[in-house]
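Enquirer: Sequence:
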Amino acid sequence: MKLSFIVTRIYLGFFILITIMLGSAWFSIQATTQMTERVEAITNDSTPLLTRSSELTIAFLNINRSLTDYLSAMYLDELDPLAEKVTNRIDAYQTQSNWVVQHVKSKSVLETAIMQLVDNETTVLDHIGSVTTLYSAYLDAKDRNEFQQSTFQPLANQLTSNLVSGLSLAQQEPERHAIQGMLSQVNVLSSDASKAFSMQDIIELRSSKRSFSSRQERFELASEQLKVHSPKLYRSSKQAMDLFAQHVFSDQGSVAMHIQTYELFDQLLTQQQQLNSLINAQLDQIGILSEYAAQMATQMDREASDSAKQTMSVLAIISAVSTLIAIVIGMSIASSVKKPSQQVQKALQRLAEKDLTSKVNYNKDNEFGYVAKKVNLVLEHLSETITQLSTSADRLNEASIENQQTSEKLEHDIREQTAQTTQVATAMKQIECSVHEISESANQTLTIVTDAVEMSSEGQTMMKANSDLLGTLSSRLGVSTDTIRALEQEVASIESILEVISGISEQTNLLALNAAIEAARAGEQGRGFSVVADEVRVLAAKTTKSTLEIKEKIEQLQTRTEFAVSQVIMCADDMKQCMTQAASVDCNLQRIYQQLNDIEDRSTQIASATTEHQAVASDVTQRVSEIFELSEHSSQRFGKLSQQGLELERMAQQQLELTAHFKLPLKRENMVL
1 MKLSFIVTRI YLGFFILITI MLGSAWFSIQ ATTQMTERVE AITNDSTPLL TRSSELTIAF
61 LNINRSLTDY LSAMYLDELD PLAEKVTNRI DAYQTQSNWV VQHVKSKSVL ETAIMQLVDN
121 ETTVLDHIGS VTTLYSAYLD AKDRNEFQQS TFQPLANQLT SNLVSGLSLA QQEPERHAIQ
181 GMLSQVNVLS SDASKAFSMQ DIIELRSSKR SFSSRQERFE LASEQLKVHS PKLYRSSKQA
241 MDLFAQHVFS DQGSVAMHIQ TYELFDQLLT QQQQLNSLIN AQLDQIGILS EYAAQMATQM
301 DREASDSAKQ TMSVLAIISA VSTLIAIVIG MSIASSVKKP SQQVQKALQR LAEKDLTSKV
361 NYNKDNEFGY VAKKVNLVLE HLSETITQLS TSADRLNEAS IENQQTSEKL EHDIREQTAQ
421 TTQVATAMKQ IECSVHEISE SANQTLTIVT DAVEMSSEGQ TMMKANSDLL GTLSSRLGVS
481 TDTIRALEQE VASIESILEV ISGISEQTNL LALNAAIEAA RAGEQGRGFS VVADEVRVLA
541 AKTTKSTLEI KEKIEQLQTR TEFAVSQVIM CADDMKQCMT QAASVDCNLQ RIYQQLNDIE
601 DRSTQIASAT TEHQAVASDV TQRVSEIFEL SEHSSQRFGK LSQQGLELER MAQQQLELTA
661 HFKLPLKREN MVL
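Quick note: the sequence shown uses full-length UniProt numbering, first residue 1, plus one each step.
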């Protein structure tokens, strides 16, 4: 196409606008891609790191909680399950830590933080092992200390009682003085030992230990005096005095054991403080990871927001430029259309005034130039046509005379046509009666088929509702099956709990039996404890009996639950079979409905065809009657045809007068506007 064409200019303008739109779309896609990449970076890097660091913090705090439970245990036999719990929490933490280290070690920004995190982790786990070991040793020492203290006080009372008895039997003053000296040392040492047992400050305990060391010489001197002045009492009390001295002065005695216990406790407190400091430091290191992930997400979000603003600004500029270009293109096209359209309008106005001498003077090589050429060509053709029309008017006069002669011959033919039409009208009346009977039968058949289609549709609707109801019932049976199975699992879990309770009752019974044996060995002093052991044994027996009864009930419930599950499963299978049959019936109803629809359509077509046939037959009969009437009238009208020939002659004269009104060019040359 040439550039002078208006369509070419329009295409060029649209091409420029489309190019600008595609460029803006490409720019928008690029910006959207960048934003998507940033969002994916947030999703793939920042969010998992933030989530994992939070999970790492939770796992580390879980270690601290399990360690707190471990350090809260009062007895040594409680430590094994708690230690296993601490180990499991440590394994879970290390799993989280390994993931974080593997996914963050490639980031140079966090290299120092990761190294510090790993170092702190190793140190913390080592301290946790030390604390758990030390706490186990502390509980062991505490148990042995309590046992030593429980044997010390009866020993001191026995020794005091022996010395008091010997003092009451002593008759000589040196003997009495020696016994009183030993009794005084025993009382003082017993009192100091009781005070030491009540102390918990390690400094006071160590001071008390030094005081016991200074009193050891006095005790030995009093023992020598007792041996010299009261050898009989010395021999009878020697074993008790040796045990007493071992408790008070020996490194394995109850006093030394008490001091060692609280030394372990002091070490435990020190290591706990160090461990708490290390835990806080480790939490700070994990917090650095979380802070880095949050900062990275914030930075990427800020970059995405800035990129979106920049994209909006560029798109606004592109929109403004596109609007300006569209305005320029529109004004250019309007200026190209306005002038030639005015010239063509003037030429058409003169044509409306019956002036065929003017032409359109527009010779540019575009659409309006072609229109101007075509308008000029139409004017030339119209001039020639009117000239020829004037010539034809003369010939029309001659043709009217020939037409009058032909009309006379046609009148004779119409009379014969009238006779034939009468016979056709009689036959068409008979056909009309037959078609009327066929139409009534077809309408009755259509009514019956329509009722059958409606009943089939209602049956299909009811079958579909039944199928939906069966599906709902099947879903509810499935939910009931799952619920009963869950109940069966819960019953099984209750049975395992009952086994645990039964085991506990057996252990309680065994412990009560052992306690009764120990009470029997203790004699008179263990009588009260024997009564308690009997009560515990009776309670254990009742617990065992109740557990067995509950177990029987649970087994009955489990049996009935299994029976209910099997019944529900059978119902569900029957329901599925019923749904399958319902679907098959629904499919057959749909086929019947489709066939009835086909029958209804064909019946409708037959009824319509017969109705149309009847209407056509009636119409043909009527037409034949009308033709008969027209034939009669035609003979009358052809009488007037001669008169119309004269009228044609007059009309030809009028045509000559009308063509004379047009102003025709004298020469075949273009007249300039």
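None of these hints come from the bench; they were simulated from the model. Given the structure is predicted, the values throughout are model-derived calculations rather than measurements. For glycine and all other residues, C-beta sits at the position ideal for the given N, C-alpha and C. Please note: incorrect hints may appear among the correct ones.
Claimed, not checked - Using 30 angstroms as the maximum straight-line C-alpha spacing, the simulated DSS-like pairs for lysine-lysine come out as follows:
| no. | residue 1 | residue 2 |
| --- | --- | --- |
| 1 | K209 | K227 |
| 2 | K195 | K227 |
| 3 | K227 | K238 |
| 4 | K576 | K464 |
| 5 | K542 | K553 |
| 6 | K142 | K238 |
| 7 | K142 | K195 |
| 8 | K309 | K346 |
| 9 | K373 | K346 |
| 10 | K553 | K576 |
| 11 | K309 | K374 |
| 12 | K429 | K374 |
| 13 | K142 | K209 |
| 14 | K346 | K374 |
As the list claims (entries may be wrong) - Quick list of the computed label-pair ranges, beta carbon to beta carbon:
| no. | residue 1 | residue 2 | range |
| --- | --- | --- | --- |
| 15 | S250 | L513 | 55 to 65 angstroms |
| 16 | L76 | T123 | 25 to 35 angstroms |
| 17 | E490 | V538 | 23 to 33 angstroms |
| 18 | E416 | Q654 | 44 to 54 angstroms |
| 19 | L22 | N597 | 34 to 44 angstroms |
| 20 | H103 | L22 | 49 to 59 angstroms |
| 21 | I501 | K232 | 54 to 64 angstroms |
| 22 | H103 | E490 | 38 to 48 angstroms |
| 23 | Q116 | L76 | 33 to 43 angstroms |
| 24 | Q172 | N514 | 46 to 56 angstroms |
| 25 | S277 | K553 | 29 to 39 angstroms |
Enquirer: All hints are to be evaluated individually against the structure, with a verdict given for each.
Expert: The hints, checked one at a time:
no. : hint                            : result
1   : K209 - K227                     : holds, 27 angstroms
2   : K195 - K227                     : holds, 29 angstroms
3   : K227 - K238                     : holds, 9 angstroms
4   : K576 - K464                     : holds, 15 angstroms
5   : K542 - K553                     : holds, 17 angstroms
6   : K142 - K238                     : holds, 29 angstroms
7   : K142 - K195                     : holds, 17 angstroms
8   : K309 - K346                     : violated, 56 angstroms
9   : K373 - K346                     : holds, 15 angstroms
10  : K553 - K576                     : violated, 34 angstroms
11  : K309 - K374                     : violated, 56 angstroms
12  : K429 - K374                     : violated, 59 angstroms
13  : K142 - K209                     : holds, 18 angstroms
14  : K346 - K374                     : holds, 15 angstroms
15  : S250 - L513: 55 to 65 angstroms : violated, 36 angstroms
16  : L76 - T123: 25 to 35 angstroms  : holds, 27 angstroms
17  : E490 - V538: 23 to 33 angstroms : holds, 32 angstroms
18  : E416 - Q654: 44 to 54 angstroms : violated, 37 angstroms
19  : L22 - N597: 34 to 44 angstroms  : violated, 52 angstroms
20  : H103 - L22: 49 to 59 angstroms  : violated, 41 angstroms
21  : I501 - K232: 54 to 64 angstroms : holds, 60 angstroms
22  : H103 - E490: 38 to 48 angstroms : holds, 41 angstroms
23  : Q116 - L76: 33 to 43 angstroms  : holds, 37 angstroms
24  : Q172 - N514: 46 to 56 angstroms : holds, 51 angstroms
25  : S277 - K553: 29 to 39 angstroms : violated, 56 angstroms
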